[in-house]
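Chemist: Based on the sequences and whatever the hints tell you, model everything.
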Amino acid sequence: MSDMTDMTAARPQKPVNSLLVQDANTARRNASEKRFRAYGITAIAIGLVFLVVLISSILFKGVGAFQQTTLTLQVELLEAKLDKSGTRDLDKIKKVTTFGYNPLIDDAIRRAIDEIGVENPFRKGKDLRKMLSSGAAGQLREFVIANPDRIGDTVAFKLLASSRVDGYLKDRVSRESLARDKNLTPVHLDLIDALRDAGIVRKGFNMSFITGADASESRPEQAGIGVSMLGSFYMMIVVLLAALPIGVAASIYLEEFARQNWFTDLIEVNISNLAAVPSIVFGILGLAVFIQFAHFPQSAPLVGGLVLTLMTLPTIIISTRASLKAVPPSIREAALGIGASKMQTVFHHVLPLAMPGILTGTIIGLAQALGETAPLLLIGMVGYIASNPPEGLIEGFLSPNSAMPAQIYEWAKRADPAYYERAWGGIIILLLFLMTMNIIAIILRRRFERRW
Amino acid sequence: MSASLLLLIILALAAVGFVIGRGRALRSVQGDRRRLHSLPNYYGFNVAMLAFVPAVLVLALWVVVQPMVVNSAVSGLIPHDSYADAGALNLIMSDVKRVAHGLDAVAAQGIVQKIPLSEMNVGNTDIRGLLGSVGVALGSDVTQDVLNAAQEFRAKSAQGALWMSIIVLVVALAGFFAAIRMTNGDLRARNLVEHGIKAVLIGAAMIAVLTTLGIILSLIFNTISFFGMFPMADFLFGMTWSPEGRGGSEHLGILPLLWGTIYISIVALSVAVPIGLFAAVYLSEYASRTTRAFAKPLLEVLAGIPTIVYGLFALTVVGPMLVGFFGADGLNWMQGARSVMTAGLVMGIMLIPFVSSLSDDIINAVPQSMRDGSYGLGATQSETVRQVVLPAALPGIVGAILLAASRAIGETMIVVMGAGAAARLSMNPFEAMTTVTAKIVSQLTGDADFASPEALVAFALGMTLFILTLGLNVVALMIVRKYREQYE
Amino acid sequence: MNDMTKTEKALEMKTSKISAKNVQVHYADTHAIKDVNVEIEDKTVTAFIGPSGCGKSTFLRCLNRMNDTIDICRVTGDILLDGEDIYDRRVDPVQLRAKVGMVFQKPNPFPKSIYDNVAYGPRIHGLARNKADLDDIVEKSLRRGAIWNEVKDRLHAPGTGLSGGQQQRLCIARAVATEPEVLLMDEPCSALDPIATAQVEELIDELRENFSVVIVTHSMQQAARVSQKTAFFHMGNLVEYDDTTKIFTNPEDPRTESYITGRIG
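Chains A, B and C are the protein sequences, given in the same order. Numbers 5 to 456, taken from this note's numbering, label the letters of the first sequence in order. Numbers 3 to 490, taken from this note's numbering, label the letters of the second sequence in order. Numbers 23 to 287, taken from this note's numbering, label the letters of the third sequence in order.
Don't read these hints as lab results, they were simulated from the structure. Being a predicted model, the structure only gives us computed values, none of them experimental. Built from N, CA and C at the ideal position, the CB exists for glycine as well. Among the hints, erroneous ones may be present.
Under 8 Å between C-beta atoms, here's a sample of chain C residues computed to sit facing chain A [what the hints assert, rightly or not]:
no.	residue
1	Leu103
2	Asp110
3	His147
Straight-line C-alpha distance at most 27 Å; calculated DSS-like pairs for lysine-lysine [unchecked claim]:
no.	chain 1	residue 1	chain 2	residue 2
4	B	Lys158	B	Lys200
5	C	Lys65	C	Lys134
6	B	Lys484	A	Lys346
7	A	Lys130	A	Lys38
8	B	Lys298	A	Lys329
9	B	Lys484	C	Lys128
10	A	Lys174	A	Lys162
11	A	Lys38	C	Lys134
12	A	Lys134	A	Lys85
13	C	Lys121	B	Lys484
14	A	Lys38	B	Lys158
15	A	Lys38	C	Lys268
16	B	Lys200	A	Lys329
17	B	Lys158	A	Lys329
Reference listing, derived: stretches of chain C covered by chain B, where coverage requires no fewer than 3 residues with Cβ under 8 Å from a Cβ of chain B [stated by the list, open to error]:
no.	region
18	125-134
19	261-272
Modeler: Okay, structure coming up:
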């Protein structure tokens with residue numbers, strides 16, 4: 005009995021609270037736990053919503069660029085207008101300027117309107133031609149110069165509609181928005197409606213956007229991204245040819261040969277700092293060193309490529325060093341153990357084993373370079389209108405050109421909203437390239453990733 | 003002989019050297035490869051290397067140095083009274099070079115002249131018309147001084163090219179024969195070649211240093227010449243930026259630009275830091291493996307999108323949207339689509355993955371034992387995160403935020419397209435302002451003459467930007483490195 | 023004599039603090055703990071011994087549900103604390119861990135001041151009404167942790183700056199500051215030198231006055247020195263559980279004997 009009392013006295017003084025009942029304090033703390041978790045989910049959700057908004061506005065605004073409105077017209081290539089002498093002498097045919105083709109186009113439109121049985125509200129050919137791109141006459145002229153023997157025939161042409169008409173078919177332009185627009189009137193739109201019903205005005209896939217060159221400010225319907233794509237392509241070749249060997253060589257030295265001393269430290273500090281230097285500063289460097297000092301041609305993909313090379317080198321070096329580091333020392337010891345020189349060890353064993361990682365890093369570096377714009381502004385790759393694709397390899401590197409992101413920026417600067425559509429369309433193409441490169445990098449990594 | 007032709011010649015020499023060197027080594031041991039010190043190819047490479055490398059180095063050096071030497075010699079011919087300052091001399095010199103190139107083109111195209119090129123003067127020939135006919139358009143008529151200088155330029159250049167060819171070829175042949183002479187079976191060819199390769203590797207590693215050096219030098223020289231034309235104090239402490247003003251009325255004060263830069267960066271960071279940090283905490287502490295595998299790469303997509311896309315997004319989506327809320331139809335705080343808020347918000351979105359993945363790494367580096375200790379005391383997960391994990395990760399997170407700030411300050415495309423062009427010292431975040439980077443672009447892409455203060459100021463701005471970001475980076479990298487060491 | 027043991031046994035049954043019945047633990051496909059039954063007494067030091075990987079730490083971590091933080095870990099069976107199932111759905115592990123504190127193998131002070139390290143538990147559990155209260159708790163806990171005299175002049179210095187032994191005693195002080203009823207110690211001396219180990223062992227003996235202490239150790243000498251009861255684990259099984267003196271002098275199971283005499287381990 006006395007034992008029992010002892011035992012009760014020995015029990016803890018603290019009131020025993022059951023674990024099965026949640027006390028107020030814990031309830032409060034659990035509530036704050038839930039709130040905190042909710043903040044985290046919200047943060048991620050906001051990030052993802054931004055991503056979705058960004059991607060959907062790119063698609064929403066850019067897809068239009070891949071469609072283009074055309075008018076299919078039967079144009080009579082009158083000999084009297086195009087080749088008065090009747091000799092089919094090319095030099096003489098070339099003397100006829102695009103102005104000379106305008107009456108042919110006017111006639112074609114008038115005939116088309118008559119055929120569908122709508123009353124023609126316009127007297128002047130000039131007003132009718134407003135429905136067409138101002139490049140339409142050039143389109144005819146090119147055809148005639150290429151095929152002089154067709155003069156006198158009536159040929160069906162798919163002529164570009166003007167950007168307003170194009171916008172109308174893509175719901176960018178409405179009757180209200182035309183109220184203060186000198187380029188087109190609502191009357192035109194009625195006519196367009198009729199022509200569309202007759203199948204003369206049609207929206208189709210816009211191949212020339214993907215392959216074509218930039219056009220002047222007043223002809224957004226003609227502008228394409230093809231030539232600047234070539235500019236980007238040549239730049240990427242320069243980056244690949246320069247950055248990959250230099251990056252790999254520098255990494256091999258730092259990872260395999262360099263002793264730990266002030267010189268190596270200097271290089272390493274330099275590399276990590278260069279990785280964080282704003283890209284525009286590389287543009288300043290390119291301008292001052294390559295263009296001002298070394299007199300390289302302005303706006304040339306070679307210069308752009310060199311600037312981007314310097315910019316991506318740190319990225320490539322950092323990833324290459326990581327993949328060299330991942331090759332286990334046992335491999336090196338094995339090679340050195342059978343009497344290979346250090347150099348042979350590196351080039352015969354370490355480097356091939358690290359190659360997938362190096363390539364992955366290089367592709368990611370290239371993708372970064374492909375999307376970079378700011379340094380290109382300073383070396384003159386914006387504002388230059390490349391009207392023709394470069395002929396040949398050397399010209400590809402040396403003749404002035406633009407690059408995809410620079411072209412997009414150039415379009416975004418122009419006042420005509422039709423150019424915004426082109427810019428977004430260009431972004432879709434740019435992102436497709438970047439996506440492909442990143443997917444290749446991921447596949448490479450998955451495929452060749454080695455766990456030692 | 004042109005530099006590229008020379009290069010081809012020494013390349014050919016190197017190729018020949020490879021074959022001869024390899025053969026000579028094999029012959030010296032009567033074709034028994036086992037008696038060679040190195041593999042036969044190394045002997046070939048050794049000869050090729052010695053023939054090629056020194057000659058190419060001389061060639062490269064010559065190509066860089068010759069224009070400078072010729073330039074300074076020729077510019078001495080221009081009378082001192084015909085130009086006011088260094089900038090004007092530069093302009094005259096660029097005319098001289100154009101004329102010289104034009105005359106070269108005339109000579110090359112074989113356009114027959116009544117008067118031989120060397121005897122031409124302003125009196126007897128229409129130089130401008132002549133050059134125009136070969137595609138070199140000049141802004142004004144050529145003066146006799148310029149023509150003389152151009153003739154001298156051509157002569158000196160031709161002389162230089164001749165000497166270059168001779169010296170480079172001599173060096174190449176000397177290397178070639180020296181290497182062949184020393185080739186025999188006992189030569190340690192592999193070691194020699196490997197030394198050469200190692201030198202190449204070191205050279206590649208040096209490019210990083212050279213790039214930094216190039217950045218610093220190009221900024222410094224141009225900044226100095228800018229401060230030669232424009233007082234430094236006015237640049238550093240000036241409250242107005244209006245480069246359009248003519249004559250003495252021009253104001254190139256950096257303060258409004260710095261203010262715009264900092265203001266936009268603050269807006270961007272106040273979007274990116276909380277979202278990025280909470281996302282990182284959730285991903286590293288709470289998310290299941292599947293959520294993490296899904297959300298983390300998706301967030302990082304935001305980092306892979308080029309800045310031009312964000313710029314256009316700011317200009318055509320975010321800007322008009324903000325105008326809808328804060329513009330004339332709404333609160334009437336905002337005039338146009340471009341504003342501090344527009345650029346800042348979009349830049350914030352861009353920086354979210356930057357902050358979150360850096361913080362994620364850093365939070366993951368906090369040892370698990372730290373969390374166990376807290377859970378063992380009965381702390382909830384959020385208490386553990388807030389009171390143990392985050393304080394432990396704080397230095398690293400501060401480093402990450404500094405890196406993000408440096409990104410924000412150096413970002414160009416978003417501010418060029420989203421922030422506006424007006425330099426303003428204002429507190430209203432819905433007003434258009436401009437930044438250091440945006441002005442670097444506009445000053446260097448405009449029509450301003452390259453030697454004018456309007457263009458040169460861009461280098462002073464670049465210098466400011468470089469120093470600012472470099473400072474932030476160095477401090478941030480130091481903090482992060484220290485932090486990692488703490489837990490290693 | 024026989025009677026005496028019986029009354030002792032009865033007494034033990036009544037003061038049982040934690041009782042585990044048919045506890046099984048799985049790590050993914052590994053069966054880590056196999057059907058363990060044990061009664062842990064109040065105000066006693068209980069030692070878990072056994073070779074590495076025998077499951078003693080895993081079982082210890084079940085007692086305050088630290089295994090919850092590991093996704094792949096699954097616990098079945100009943101573990102009762104004062105007669106309440108701690109794996110009941112209504113039980114908040116947070117509240118449980120306030121009652122069942124834990125000290126880890128490696129000293130893990132938070133990167134905060136010594137004071138804040140100790141005050142952390144009381145703060146999150148809301149044990150102090152005001153600053154003076156908290157100061158009291160901190161001082162009392164540091165005294166209980168036998169480290170007060172060494173740190174009283176530098177309470178605001180970082181806890182990470184202490185020596186290993188001091189850090190571990192700080193962690194013990196931190197654990198007792200929340201007034202737990204049971205204190206779990208997972209090889210608390212394995213990272214310490216002999217002098218620090220002696221200090222901590224002395225401390226464990228003092229803690230017995232107020233808490234039920236469960237200590238995992240792979241040092242048999244330590245188990246013999248500090249514990250009253252000893253449980254021997256082998257390959258996930260609880261082989262033998264009895265008074266420490268009994269285990270070390272007259273073990274019933276041959277496996278226990280082999281381990282004690284150094285033939286397995």
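Chemist: Does each hint hold? Answer for all of them.
Modeler: Results for each hint:
no.	hint	result
1	Leu103	holds, 6 Å
2	Asp110	holds, 6 Å
3	His147	holds, 7 Å
4	Lys158/B with Lys200/B	violated, 38 Å
5	Lys65/C with Lys134/C	violated, 31 Å
6	Lys484/B with Lys346/A	violated, 33 Å
7	Lys130/A with Lys38/A	violated, 70 Å
8	Lys298/B with Lys329/A	holds, 25 Å
9	Lys484/B with Lys128/C	holds, 22 Å
10	Lys174/A with Lys162/A	holds, 18 Å
11	Lys38/A with Lys134/C	holds, 26 Å
12	Lys134/A with Lys85/A	holds, 22 Å
13	Lys121/C with Lys484/B	violated, 38 Å
14	Lys38/A with Lys158/B	violated, 81 Å
15	Lys38/A with Lys268/C	violated, 50 Å
16	Lys200/B with Lys329/A	holds, 19 Å
17	Lys158/B with Lys329/A	violated, 52 Å
18	125-134	holds (count 8)
19	261-272	violated (count 0)
Hint check: violations occur at hints 4, 5, 6, 7, 13, 14, 15, 17, 19; the rest are consistent with the structure.
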